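Colleague: Chains as they are written, first to last, in this note's numbering: chain G, 1 to 117; chain X, 1 to 877.
No lab work stands behind these hints: they were computed from the structure. From a predicted model like this one, the values you see are computed outputs, not experimental measurements. Be a bit skeptical, because a hint or two may be false.
Stretches of chain G that chain X covers, calculated by requiring three or more beta carbons in the stretch to come under 8 Å of a beta carbon on chain X [unchecked claim]:
no.: 1; region: 4-10
no.: 2; region: 19-27
no.: 3; region: 38-46
no.: 4; region: 69-78
Virtual Cβ for every residue (Gly too), placed ideally from N, Cα, C.
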Amino acid sequence: MKETRLGDFEEVILLLVGILDQEAYAFKIAEEFESQTQRSVSIGAVHSTLNRLGEKGFLTSEMGESTAERGGRRKRIYSITASGQRVLQESRDFKVSLWNQFPAFASGNLKIEWLNL
Amino acid sequence: MSKLNHHIDHKPPASAERLLLWFLHDDLVEEVLGDLDEKFFQTCEKQSLKKAKRNYWYQVIHYLRPFAIKTFKSKLNNITMVKHNFKISYRQMLRNKGYSLINIGGLAMGMVVAMLIGLWVNDELAFNKYHDNYDQIVQIFRQENDGTERFTSPFLATGIGALLKEKFPERLSDLSMIRSRSQSRVLGAGENRFTFEGHFIEAPGPDLLGLKLKYGQIDGLKDLNTIMLSESAAYGLFGETDPTGKLVKMNAGRELEVVAVYEDLPGNSTFKEKDFFAPLLRLFGGNEGSLNVWNNYNIYIYAKMQENADLAQLSTLVNNTIRERLGERADDRDSRFIVHPMTEWHKTEFRKDEVVVSQAYKFIWLYAIIGLCVLVLACINFMNLSTARSEKRAKEVGIRKTLGSIRKQLISQFYMESMLYTLLAFVLSLGLLWALLPWFNETSGKRMDAPWALTEFWLLSIGFVLFTAIIAGSYPAAYLSSFKPIKALRGTLAAGKYAALPRKVLVVFQFTISVALIIGTITVNNQIQEAKDRPIGYSPEGMISLRPASPNYGKNRKLLRTELMNTGVVKAVGMSNYPVISTLGWNGGFTWEGMDPGFTSSFNTITISHGYGDAVGLEFIAGRDFSEEFETDKNAILINRSAMEAMKLENPVGTVVRYAPGWTDPRNYTIIGVVEDMIKGSPFQQTDQSVMFLDQEFTSWMYIRVNPDLSASQALPEIQEVFNTILPEAPFNFKFADDDYMAKFEAEQRIGGLAGFFTLLAIFISCLGLFGLASYVAEQRTKEIGIRKVLGASVTSLWKLLSKDFTLLVLISCLISIPIAYSVLDGWLETYEVRTKLYWWTFALAAIGALLVTIITVSFQAVKASVANPVKALRSE
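Using the sequences provided together with the hints, build the complete structure.
Modeller: Below, the structure is given as structure tokens:
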């Protein structure tokens, strides 16, 4: 049974797949990751993660069109599955719930609580 | 359009792409290459080609991830397979403990013999290679007629050495004369005194021989009063310290300065066990003139020839030069001088004036062949024992094949098994080698070290193990893996009619060797016993011999004798000019009344003192011993029985013999006594005709007969006391005469020991072969035996049935081996004057022994097969 939890990096990649939609293939995702986070990443690392997300059932993929830049080679376009969307949802809900339990944000009197400690 | 141009101008690095394609999973190739290309061209456009290329490499390396890498399927599988095979082999081994033990033990025996013989051959082939100038050292030999035949001799005159030195300073450099034969001297430093063997040599000698120095100077022997010591001699005399500059006393006389200490010479050197080198001139008393004398042939000449010199040409040159100087004398005796290189010293020997392959070298190849044979036999036995159990493994093979094993896998399974057995046998053989080497060294008279630190040994061993494993595993691998699964499972696997034939031939072959070796061992021991049983003619037991190394010995001889007699522990004391166990003195020129005019033989001569007869234990058959009461005895002689017979004298006592040897004035002697023949030389030769003169002066050897009522340990301290009082400067170095006498049998006892070892081994290996065959046959006939039992056959009749065939095989081997053994041993015994007969019981004993061993070995299997429950045997279908 494959593990179905979502790692931090995996979550970002999954979100990027959603953002890029029809352009979601390894190279573009890596590009987008670099421009959005200002952190460098290798295509291989992204590809590996995409592969893993596919195995976990959060992504599906199919071969797309080819372009001249790719030497006439086709690209693999990824798209989020229903369970992928659900896991993203859950992840966000979980974090929101955590944020809500954070007293400084929940009650708006961060300083007082801080002094009380 | 511009984008298209890019494609033409720039391309991703080809080698990176090749690397990627090598490891990348086939399914991913298209998308990954596409992504990387896109990345490459983008970087190219935005940054530079160089950066793009570098980035491409970076991307490729980062694709080295589990998900993207091809599964190198076959490789991973093999490791599992090897593990599995290993496990099966290991379990198979544990299940049949006895069988495995025999199989591994047999192979280990074969290996250890091959190793021992390999070491021996290696040691022989490396003879003298210790010497740095091995390729260039030469010795000069002389070939002459002595009236009857031609002979070759290393003895030369110092004049020849001086001449060659003068004429050929380049062609024969570092020429050194060395006193012929090694010399025995007592060396003393402080309280420590020991007898050492060594050489007297000229100053360039040590450098020529390439002695490896621990301390001091290689050319130290330039001064007259100097000496070089071996490491062990230096340790004995001075302990751990550097002894250079210190003094040693030679024979309690002159003091010599130690100028160097050299590493002990190895056992496979012509100069082995030589513990000192002293200047040749020292031996000649410092007289320079003695280094250029032409009438005394008492030195060897060694020199170094030029690299790649033409030996034949050098020989001719040397020969011509010496003959020119010798003039007429050389023509009279037809002298020829030859240059004999060190590379040939051990490989060849001289027979008359011919160079022939030496005995030692012949034996190298003989032993190498024996070693190889033993190893091959052990391997064949290994195969035999494995295939004999094929029926047991047949089901396993059948099931494996049904479950989809391909033949290649089965073959590797059997090779794996053979590898495991061979490795275990190898480890066992290393242990055996460690245990046996000291014994082997002693028996073969060698000084070999175990080669643990030698890389070559380990490389060779690995090769050897692989070779053995492959050879030994090949037959089972090929044979067992070829079984048809259906047949194997149904149990209808029938071997062909002649399947047992190779095994039978092997058993006959092995037993032929074994029986021949048994006969040989018995005969060698018979031969030794024959010589031991001869009457010695004197009594070595209870007699000690010594040669006091002191300049004061001569004048104290009489005093010593009186004092020794006074102690009461000594029965008699006598002296002679050379040891009683040798035949060094030979003289001709004897004439007597009634002599056959054609008589020309010389006699073995010795001078003895009063009391010698009693001390040595001469047995008189006529007349009397020399007596101090008769002054006239100085003109008397004793002869032995052989001499009496050779002189054809009926009643020799009183016969007058004229003695004119040529080097002293002729004198007349009267025979006063005849003694029994004494075995002084080789006990395997007839005794020599000998004559004994009376003389008190030149008698450096002393013989003491200990009082027979006392033990040696009681008498020795008192005898030593006398020596220490009268000759305190000389060490009390004594020997028991019977030890010396027994040493005469050394060579024969060595052959006997080795023959015994090989015989035991051959019997062991033959038994393994037999065991293999017996178990094979028993397996083959399991059902037959079952049916016979059910129908009422008794255990005894079954045992007879199974043993009969083997007895026949061994009888055949006896028939083959007896004539072979007879002719070989007859030839060997021919070389001895005194020899044992080839008794018929020797052959009978060997044959009966072989049969007995056979029956025991076979019975083990036969009884097991006949007492087995027939139901089991029959149900196995």
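Colleague: Next, verify each hint and record whether it holds.
Modeller: Results for each hint:
no. : hint  : verdict
1   : 4-10  : violated (count 0)
2   : 19-27 : holds (count 3)
3   : 38-46 : holds (count 4)
4   : 69-78 : holds (count 7)
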